[in-house]
Structure formats: C-alpha cells, structure tokens
Amino acid sequence: MEKLVFGSIIGRRNFAPTYFFDKPKNQQKEHEIFEIYLDEQRDLQNFESNMLICFEHDRECLTVCFPDIIKNWTSVRDDNNRSPNRVVDVRVAYKAIRRVIATLSTDENGEIKVTFTFQLNYPPTIQVYEMSGEGNPSNNPGGNRTKFKPPHRFLSWNNGHDIENAVSHASCLVADCHFADPRTLLDCLDRLRKSINYAIQFRFLYRQKCINIRNYEQNCFVNPIDLPSEYAKLKPKDLQTGAFIEYDERKQFKYFPLVYAVQVGYCKFYDFLNIVIDHYDADLRRDPGARIPKTVSTLENMLLEIDKEHDVIEPRKYFLKLYDKPGHNVLADITDDLALAGYMRVRKIIVTPTRRLYINPELIMGNRSLRKKGADNMLRIVFRDDDNQKVSNLPPKLIQKSVTTTLMTPLNIGFRDFSYLGSSNSQLRDHGCYFLAGTPKEVSAFRGSFGRFNCESVPKLMSRMGQCFTQSRKLGVEIERVSYSEIFDYIGGSDSNGKAYTFSDGCGMVSKEFARKIVSDMKLGDSLPSCYQIRFRGYKGVVLLNPLFEEVRLWAKKNKAPLMTKKTEKLLPWYCQSLMFRPSQNKFSAPREKYVEIVKISAPILVSLNKPLINILDQVSEMHGHVSHNRMRNRIFELMEEHLGTAISSLVDEPHAFLTLSEFPKYILYDRLRDFNVTEEPFFRSMLRSAALVGLKRLVDKMQIRIPASQGRMMFGVVDETGLLQSGQVFIQYTTNAALKYPSQHADKVVLTGPVMITKNPSVVSVVLFLAVDLLCLYDLVDVVVFPQHGPRPHADEMAGSDLDGDEFSIFWDPQLFLDRTEPAFDFTSTKTTSQPVLKDDLTKQMVDFFVLYVSQDSIGTIANAHLANSDLYGINSEHCHNIALKHNQAVDFPKNGQIPEDLTKKWEGGLPPEKVERFPNFMTKSSASAYKSNRLLGELYNRAMEVGEVIRIEEIVYLDEKVEIDESVLISDDHIYEDIAQTDYDEYRTLVGGICENYGIRNEGQLFSGRFTDLKKRISDKDDDNMSLFNTQHMIEEQVATIYAKFRIKFFDEFGGIEKNTDIDERNLNGVRETFRRVCVFPSEEMRGKASAYYRVAYSNGTFLSFGWIVADILSFNRQKYLLQPGNFKLSLCPLIDHLSKSINEFCKSDNNAAEFNEYCKILERSFTSKKSTSDVSNFVAKMCQTFVGLNKLLFFCRKWVKWHAVGYGSDSGNENSIRPKIMDSVVVLFGLGDLKKGNVGWLTVSFDTSVLK
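As numbered in this note's numbering, residues 155 to 1409 make up the sequence shown, in order.
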C-alpha cells in the first residue's frame, strides 16, 4: 500500500477525504520493526513495503498494517509512556463491508495501481502491537526471541491528529495499492468477491481535496447553544410566559419528536430543515392531537430508505416525495389502536466507542415507569461495540469513555436533558438501560417513588428495582386492598450456606373468579390459563389458579358464613380474595396500586433439543453404558431426520402444508382454504418456504431439533398446594393440540403418568428424572409442571438453581431419551456475600459503578462456550469442566450478588489444561478461531446438518428466480370497476407492511406472515430468539401486522355496510385470534366478489406484497368454489408434486429419444409375466407388479435411465459385485414402494406377494 484514506462518497462519482496517512518512511528503523512484526505475527517474509493490506479470507476480515514510531508523533503531554516501537493494525470485518469499488490504473513502470474503496456499515477496529523491552532491536541485536506484546484496542494511533473523529464519521476506508503481478490481482479480487458474496464495482471516483472533519459545518441540533436564532422556537417553551426554559415535566415539548427525527437522520442542510419545520407546523395545525405527525413518520421512513441506499441522496426532494406517499393516516390509526392495547413507541440510542446511533422509535409493551412518565420522556440506551457485539471485551479506557461517561453525564437529546434511571434484569444482561428526561436529581427523586428497598447491596437493589422496567400489560381490572394478602411460604431443609430452602419461591395463588376477569380483559375467549406471571406493587413471580377459593366461597355462601371478621383486620376471608402472595414474592414495599401487570401466561409451548442439552444427553448416557448410549444417539438422529422430513414435507405435501400453516399467526383462517393447492400458491408457498428454511437454519446454527408435541413441552414450574405430591413426583397435564395459542377449557388434555425427564437452562447434571403421577385434585392445572412442596431440596433448585417465579422447564417423556439414572444434583448455592451499604445520597453513582462493573465483567456467554467446547474435548464429568461449571454459576449470580466470576485460566495449572478455549469443535461454528472435527454426537449431527445447508442455499437461489403467476380461478371478469380503489389501498398497504419489513430487517413477506425470521436487526434483546417472554420482538411484529391486516379487512367491507353486517363469526375455539379474522363472509355479493378479485389482481400483477390479495381470503375461496363447480374446471390436486413428476415421466417415456426403448422394455415385462419366469433382464415378480399397478413400468424405466445417466454404480459386467444392474434397480424401487426399505413406514405399493422372490 501507498496510502490509507478515510472519507465518504458524495453522489456517485466523488470521494471526499477527511484524513489520509501515507506509507511510513524508513527513518527510525520502521522497516526493521515491521519485518519483525510480519514474521512473528503473520508469518510473512521478504516484503519491502512499510504498509500492507492483508486479506484474511479464512478469518473473514482485511487488515491494513504499518509501523508507527512515537517519535514521529505530534505528541500530547504525558502520552509518551509506552514503547516507542509499535505496529498499527486497522482491521475491517467482511460483514462490515456493504460495497467494494475498485479503480484500476498503471504507473510509469507498468505496475498495476488499484484503489480499493470499502464502504462500511461501521468503523474499523484499530489495534496497536507494542514491542516488549527485550524485543527492541536496539536492546537485543541479532536476537531471535523478539516478542510483541498482545495488541491493545484504541480509537486512534496518534492523539495529536483528529484520527478518531475522521474514522468514526467516515463511511469509507480507501487503500491505494499496487500489484506487480496481474495474476495476483485477479486472484485477490476473485477470492474477495467470493468471501463477501456480492459483486465488486469497477469505476472511477474523483478524489476531492482533503478537509479535516472539524472544518465541516456542524449539525446545529447537536448543541442547543449553537442553535441559530431562527430555530429558537424548537426549544422547550413555557406556554404562559413564552420564555425558554430548562426541562420541566409540566411543560409541553411539541417540537421534541421533530428534533429527534432530524437528529436521527443527522441532516444539517438549512433549506431542508426549513421545509421540514414548515410541514411539521402544518401537521400540528391540521391535527394537534396526532400521536405521529405526518412529517415525523416521513422522516422515519426516509431513514429506512436511506439505509438501503449506497449513495447519499438529496434530502429535500426525497422528503417531499415520501411526504406525498399514502398510508400516513392509516399509520396514525394503527398507532392509536396499539396504544390502547398498552404498546408504546420508545426512542432508542445505541452508544458505541465511536458514535451515538439514534434509532427510530421502536414498539414495545409498556412498563410501570413508561406508563407513569410517557414514552416521550424516556429513552432506551444500549451499549455496544461498533460491530454490535457487547462491550465486555473492550479495554477499560474505552468502557470508561463510552459507558461511564454516558451514564454519569446527562444526554441532551432534542434540546432536553435525559439522565440515567435504571434497567430491568434482562436489560442489564443485554447491557441496556433507561434514561429519563430531567436532571440527575429529578430522576433520582422519581426513582425514589418506586418504593422502599431494604437491600444489603446495590446489585440486589438494582435487581429488585428492575421489575419497574419489565415489559408488562397493565390490566383494566381493579383489585381492592381487601382482596389480596400474603400467605406463608413452604420451607424446609437447608442449602450449603445453612439457609432454609423455599419450595414455593415465587409462586402465589389466584382465584378462578379473578382469573376469569384477567382472561376477559385480555380477550382470550373461553380460555382459562392455569398460571400467570405478574408484577404488582413490590410483588413479582407467578400466581397459580386455585379452585379451592371458589369451592369454599360457594360453600360459605350456601351456609351463609359472614364475609368480614375481626380477625381478618378489614380483609376479606381467604376464600373471597382474588390474589394471595407469598413473602418470597415480596421484593420491596411499593405504593398502593389497584391494577395487576401481566408479563406472561401459561400456554402450550413446543420444546426443542439444543447443543448444550444434546451434549449432556450424549455424554451422561455414555457414562451409563454402551446400550444406553446407542439408544440415545439413535433416537436423537431419528428426531433430527423427522425434523428434516417435516420441514421438507410441508413444501410438497398438502396435508403437511396445512398443518404447518396452522402453526402460523392466525391472520387468515387457513383451514378454510382447502380448495387451494397451498404448496403451489405463491403467497402461501413463500410462508411455507420461510418456515422450512428458518427451521433448517436453526438446525445448522443451534442444533435445535424439535421434539414432537406428543413427547415434550415447555412449561411454567409451580408448587403443589395440596401437599399430596411426594419428593421425586410431579403432576403434568398438557393440551393435546399444541397449535392452540390459548386453548379452550374444553380442549382435549392428557394427564401424563410414568417417568419424565426435566431440565432448565441445560448445564452440568441439570437433567433430572421424575415420576409423573395422576392426581384428580390437580386436574384444574394444565400446561404447567407441578412440583412437590416438601422434600430434602426443591426440585427446581436441583436444575440450575431455578425457582418458581416464572422459570420455564423443558419436559420430555420420550422413553428413548431417558437417562438410566439421575446424576447427583449440582450445588448452585451462591456464596455468602458481605453486606455493602447502600448510600441514598450517592445511589446513582453506586448504580452506575455496578452497571459499568457488570458490562465490563459480563462473561456468562464466554464461560458457557468454554464449558461446551472443553466438555467435548475432555469430557463433561472431568474436574476441568466442573471448575468451569462453578464459574458459570458465579457468572449467573453476578447480577444479583455483585461478585465477579473468576477468570478462565489461560495456561496449564496443576495438571489441568487451560479453561480458555484454544480450539473450538467444528459444531460451534467459530469461523474466526481454530477448529477441529468433533467425534462426539454433536459433531456427527453437525456434519448431517451441513449437508442440509446446501438445500437452504439452493432453495434461496430458486426463490429469487420464481415468477408470480395469477390464478384465474379466483378472478371475476368485471373487477376493473374496483381497480382504482384496489390500487390506492394497495399503495397504502405496501407502505405500511414494507415499513415493518425495513424496520426489523425482515427479508420477505413469507417470513413476516409466518413469523419465522432469519435475522432481525432490531431485537428487544440479543437473546431474543431464546427469550420466552410474551412481549418479545416476534410478538411486537405480529401485533403490528395483525393491526394493519385487520384495518384493511375492515376497510374492505366499509362500502358494503360494514364487516359485522356482511360476516358471521366462526364459532370454533380460536381464543386469542382477533374477531376481525374470525369473521367469515359466507355469501358475498357480486360487488364484494369483484372487489376481492381486484385486490388479488393488483397485488399479483405487482408481484410483491401478495398478502394484500388475501385480506378477504374467504371471498377468494368463494370465487374459487364457484369456478370449480363449472364443468371441466376441476383443478385440485392432493399432491401437486406427484402430478408434476407423473407428467414429466409420461412425457419422458413418450419422447422421440426414449419411446422405442421404452416399448421394448414393456415387451420384456409382458413376456416375463406370460411365461411366469424371471429373465436376465427383469424379475417375474416385478413383471407381476407392473400388471397390478398402472404406470409402474414407466417409473421403473425412468429410474433405470436415471441410474445410467448419473453412473450410480451402473455396469453391464455381471461379475462386478459393485455394479447396479437394471434388474436390481427395478427391485430396489419396488422394495421401497412396499415399505421394506423405510423403517416404521407403510409403502405406497400394497400387495400380498412374497417379496423374497426378489432376492
């Protein structure tokens, strides 16, 4: 390389540099230092240049490296305390590259000059390698043991220049290179293109004069002090006096949404700002109460569109273009509907070491703090490295700069100050928190309004305070103070600290009467869930349905027992109360409240195997013996094949396809579409394809193997209130149909009896065997696992130290997956902690200090990976892995007790290998680290999964070329009358649904409507895939789609008198499905049929957003039924794939190239059948089969030709044992058809012949 440049592309042809760095000259032993670095760190020799760009395709990154001697610096004071001999690495991950432009030329010597322009998604990483003292060439002349210290991460390699700002604001890294050999250049470009997986552009970029980033015009919205006077009205304003003020909750901030939206786009053109402000003022005059003014929604859409573009667009024209697009009014209505359901649009800022990224408001379910203060007064802050990874691996100085400074200093956003407030437990694990508008003192006062926290340490206080930030739905049902109370916990035994176990930890009770009120408020029909995860005042955990309340209350009413007694002290008798909590649920004393908050409710949930659990089952069964191990391995392989078979079958088999559709969100009543071939219909096939591909991708990435619904479930853990369950017993009753989101009380159920295997958060020896028993008195409890209230130790605690405050357990009753015995339970007891005083006056700083400590020491993921990798190498029962498991337990408890987990060892100690992973097994897919091929079960499953990965790649390629065909059977001839209306509605619909896809990074409509997503760019948390919370990102997306789809369905019927007039409610038990989707138009008018046809025609003519055509799927189904009833129009197939294959084989046999040979084959079969003898060419048994099954001869002939074309061991030499003769191939096909080659399956040929003749 000759030069390294940072800057941005302007338009399409200009490049504006903000900083450049020339190749260092060899003045102070630079080249000598660089040679040592290249030899030791990169194994490169004989390079004369002092600047190189290294394309490391195996590590999926490129690195620009060069020597940098401090004496060359423009130094700042006290900055020369490091080694003067250094090498700088500027590293760019391939995933950070969004475009590559190559500009080619030649110099006067004929060498090829190439300028690589890498347009990036985020800034590169700067690492500095310093030479150790003994490695200094001047200190160790001729030495061979020169060493570089491990690299350190910095934001700049020279603080005397503004490199940090230039790098963080530049969108491009440019490398001026030269190649002596054209072939080397071609190889480089070819391998780079394949590694980044998209084309390299070859074009010229005109390089403008370099201007330092500080000399550019600054965004006037960043600092309110710099705001020009003409924009003064954007600041907070006192409505009475007109004076500009600092933050005050009582004042209105009508321009705050606009200022934030402009800050998100970071545009500083004054003519653009003037237009935006004028349009915003017009919006406020037109609709003062709008939740999202049209200007703000336009700016949000503009950011999404800009994010898709490679080149910067002219903002003014683009804004005006988007402002005039339809859909804004519908968006406002949808936002109002979601707000009524408790959802809020909260602004979010991602803080990285180099930047603050302002994100469009995201939809989340409200929490206690948000409901009190409002979404406009709070911000969600998330701390990330530039590559969106957590900040734990950053050096302390960068954490101090990006995390500590942000938390301790109020953020000025939209001319308002926001200060650190706190975070929920899941937020803390995700390195996020909330900021509240106001000064630190005002925010501290609001924090004090949460209640009284009697905690001995700040970590525990923050953990308990976190329930004020947990996403929850506030019920509209009031509960009076006389209707709830506390009841005792079930305690017994003691842990290793001498503390008594609490068997009912986190589990209270709810009456049937109040449960019905919850169900009614949440509009769940006649469902009555057994368990509710709640937040109420200072209580948290679950409440379990207890029918005894109602039974005793009815008895008391019948016997006229008094309701109030002196003993109850103004409380209703226990049997008349709605809720009964336990002391273990009371985390702090909170102000009086009348409304309960729901976090999640019990429901049928499928369960899957995963890598940690498979690892445990594999290795523990191996300890139990060869027979047990083989059984376990065979069953897991069988489950994997079933998983694959189900995914593939849904794409080719109609019954399987409808079963898969029934698992999707119920925007459409799919079972009413039996007149369609959904495996061929473009929209439904896209959903089926998405489900199959995502399932296969999760199999490859996480080894998620689904357990059949009849052999395993995920359930809340609760305590047995009857006291009848004994230690080692559980009660489990599950809903048969797992596709029911909220099952009816009358849905089919099964009470499980016999051995069951239960686990929670798979870890060492956390798989426990229990005996499921049948207890009539617990029949009211469904889709929960009931644990006994007594014993030597709570069973939940035996599994990863769990409790019953909302933990969910994986339950398996497939006997082939059982271990022979339960291993001794691991001790998950936290070590005793010393009391740390909580200082009220200094609480904010204490909370910030612990937050910073946690994010800097968060190692739970690293330790979990270390345990999985080391257990594969050394065995799960080794002392080595046991030590790692102890550290993992420490990491789990860290957020609550504040005790930092011990570091993983990095070298051999006491005969034990290093705990930090040096080589990963291949199934962990660590592409940037050294790996080996695992010989354990996970390694074998991974190899099989990788074979399937090719199916994913091929199917995605086929999908890109697939054309959308219009089904004439649903169209009406005179639908053109409604074409304009349909087009207008379609444009609005496309804007809204497309906005969701862009906002969350959803690849296509099939993923959106199936609820199966490959990658989401705006997850509520990093672990959202594994987050079993009701209000995770998937739920948020489904709610938005459902609201949009319902709006347009209602709108369709408006001109015909409304949806209620023209539809009937489907009376089947579809609890949790919106009434709009349950309504069916049974007998549509001709006008409705024509409008539905126009909707379909417009959507399918455009080829995108096909779901619009199915908004009135019931009417399209009616159109198709009418069509199919006409003579000659029947076109329904039980299996379209078979029909296509049959047609292709028939055409193959009749083709000019094969007809003569096929006829001769038929004659041979006929002669064998007539003579009742086998010949050298055919078996008599096969000849009989061909007489019985019409068309079998064509299939056999086709398979013979296929074997020959693909040379599948085909040969005419009868003496060759490995050859597959045509006669043998016939027999293989027939045996397969009879089911003899498919374990446990019935074949598609059914005969009573003796198949032994085939041998």
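What the hints contain is simulated information worked out from the structure, not anything from laboratory work.
These numbers were taken from a predicted model, which means no experiment stands behind them.
Ideal placement from N, C-alpha and C gives every residue a C-beta, glycine not left out.
Be aware that one or more of the hints could be misleading.
Below, simulated DSS-like cross-link-like pairs (lysine-lysine); rule was C-alpha separation at most 27 Å, straight line [as the list claims (entries may be wrong)]: (1) K1355 to K1297; (2) K1327 to K1377; (3) K1087 to K348; (4) K1348 to K1358; (5) K724 to K714; (6) K267 to K389; (7) K448 to K479; (8) K1348 to K1326; (9) K1355 to K1377; (10) K895 to K555; (11) K1327 to K1297; (12) K462 to K526; (13) K653 to K1050; (14) K856 to K994; (15) K1317 to K1348; (16) K502 to K448; (17) K748 to K527; (18) K544 to K1205; (19) K249 to K179; (20) K502 to K544; (21) K363 to K157; (22) K502 to K555; (23) K1338 to K1348; (24) K555 to K526; (25) K748 to K666; (26) K595 to K502; (27) K177 to K267; (28) K748 to K677; (29) K462 to K448; (30) K389 to K502; (31) K851 to K903; (32) K628 to K666; (33) K856 to K628; (34) K1317 to K1276; (35) K677 to K714; (36) K1060 to K1080; (37) K628 to K653.
DEER-style ranges, computed between Cβ atoms [stated by the list, open to error]: (38) R635 to N788: 19 to 29 Å; (39) D197 to P1067: 22 to 32 Å; (40) D855 to F356: 17 to 27 Å.
Do the hints match the structure? See the list:
A threshold of 27 Å between alpha carbons decides the hint, and for K1355 with K1297 the separation of about 17 Å falls inside it, so the pair holds. About 14 Å separates the Cα atoms of K1327 and K1377, which keeps this hinted pair within 27 Å; it holds. For the hint linking K1087 to K348, the alpha-carbon distance of about 24 Å falls within 27 Å, and the restraint holds. Only pairs whose Cα atoms come within 27 Å are accepted, and K1348 paired with K1358 is accepted, the gap being roughly 16 Å.
Pair hint K724 plus K714 holds up; C-alpha atoms about 19 Å apart against a cutoff of 27 Å. A C-alpha spacing of about 52 Å is found between K267 and K389, which places the hinted pair above 27 Å, so the restraint is violated. Taken as a hint, the K448 and K479 pair is honoured in the structure, with Cα atoms around 10 Å apart against an allowance of 27 Å. Of the supplied pair hints, the one linking K1348 and K1326 holds, its CA atoms being roughly 21 Å apart against a limit of 27 Å.
The straight-line distance between the Cα atoms of K1355 and K1377 is roughly 12 Å, inside the 27 Å bound, and the hint therefore holds. A distance of roughly 46 Å separates the Cα atoms of K895 and K555; the hinted pair therefore is violated under the 27 Å criterion. At most 27 Å may separate the alpha-carbon atoms for a hinted pair to count; K1327 and K1297 exceed this at roughly 32 Å. Straight-line distance between C-alpha atoms of K462 and K526 comes to about 37 Å, which puts the hinted pair past the 27 Å bound.
Of the pairs offered as hints, the one joining K653 and K1050 holds, with about 17 Å between alpha carbons and a cut-off of 27 Å not exceeded. A hinted pair counts as satisfied when its Cα atoms are at most 27 Å apart, and K856 with K994 does not qualify at roughly 45 Å. Using a Cα cut-off of 27 Å, the hinted pair K1317 and K1348 holds, with the two alpha carbons roughly 13 Å apart. Restraint check: the Cα-Cα separation between K502 and K448 comes to about 20 Å, which is no more than 27 Å; the hinted pair holds.
Restraint check for K748 and K527: the C-alpha separation of about 18 Å stays at or below 27 Å, so the hint holds. For the suggested pair K544 and K1205, the alpha carbons sit about 45 Å apart, so the restraint of at most 27 Å is broken. For the hint linking K249 to K179, the alpha-carbon distance of about 32 Å lies beyond 27 Å, and the restraint is violated. Under the criterion of a C-alpha separation no larger than 27 Å, the hint pairing K502 with K544 is consistent with the structure, at around 16 Å.
Proximity of K363 to K157 is assessed by CA-CA distance (about 15 Å); at most 27 Å being required, the pair is judged to hold. A hinted pair counts as satisfied when its Cα atoms are at most 27 Å apart, and K502 with K555 qualifies at roughly 19 Å. Pair hint K1338 plus K1348 holds up; C-alpha atoms about 14 Å apart against a cutoff of 27 Å. For the suggested pair K555 and K526, the alpha carbons sit about 32 Å apart, so the restraint of at most 27 Å is broken.
With a C-alpha separation of about 19 Å, the suggested pair K748 and K666 falls inside the 27 Å cut-off, and the hint holds. A distance of roughly 22 Å separates the Cα atoms of K595 and K502; the hinted pair therefore holds under the 27 Å criterion. A distance of roughly 15 Å separates the Cα atoms of K177 and K267; the hinted pair therefore holds under the 27 Å criterion. Proposed proximity of K748 and K677 is supported: the alpha carbons are some 20 Å apart, at most 27 Å.
A distance of roughly 22 Å separates the Cα atoms of K462 and K448; the hinted pair therefore holds under the 27 Å criterion. The straight-line distance between the Cα atoms of K389 and K502 is roughly 21 Å, inside the 27 Å bound, and the hint therefore holds. Our distance criterion of 27 Å between C-alpha atoms is broken by K851 and K903, whose separation comes to about 32 Å. Under the criterion of a C-alpha separation no larger than 27 Å, the hint pairing K628 with K666 is consistent with the structure, at around 19 Å.
This hinted pair does not check out: K856 and K628 have alpha carbons roughly 35 Å apart, beyond 27 Å. In summary, the hint linking K1317 to K1276 is not supported, as the alpha carbons are separated by about 46 Å, beyond the 27 Å threshold. This hinted pair does not check out: K677 and K714 have alpha carbons roughly 34 Å apart, beyond 27 Å. Using a Cα cut-off of 27 Å, the hinted pair K1060 and K1080 holds, with the two alpha carbons roughly 19 Å apart.
With a C-alpha separation of about 35 Å, the suggested pair K628 and K653 falls outside the 27 Å cut-off, and the hint is violated. Distance hint for R635 and N788: a CB-CB separation of about 59 Å, inconsistent with the stated range 19 to 29 Å. Evaluation of the 22 to 32 Å hint for D197 and P1067 yields a pass: the beta carbon distance comes to about 25 Å. With their beta carbons about 35 Å apart, D855 and F356 fall outside the hinted range of 17 to 27 Å.
The structure does not agree with the numbered hints 6, 10, 11, 12, 14, 18, 19, 24, 31, 33, 34, 35, 37, 38, 40 stated previously, though it agrees with the rest.
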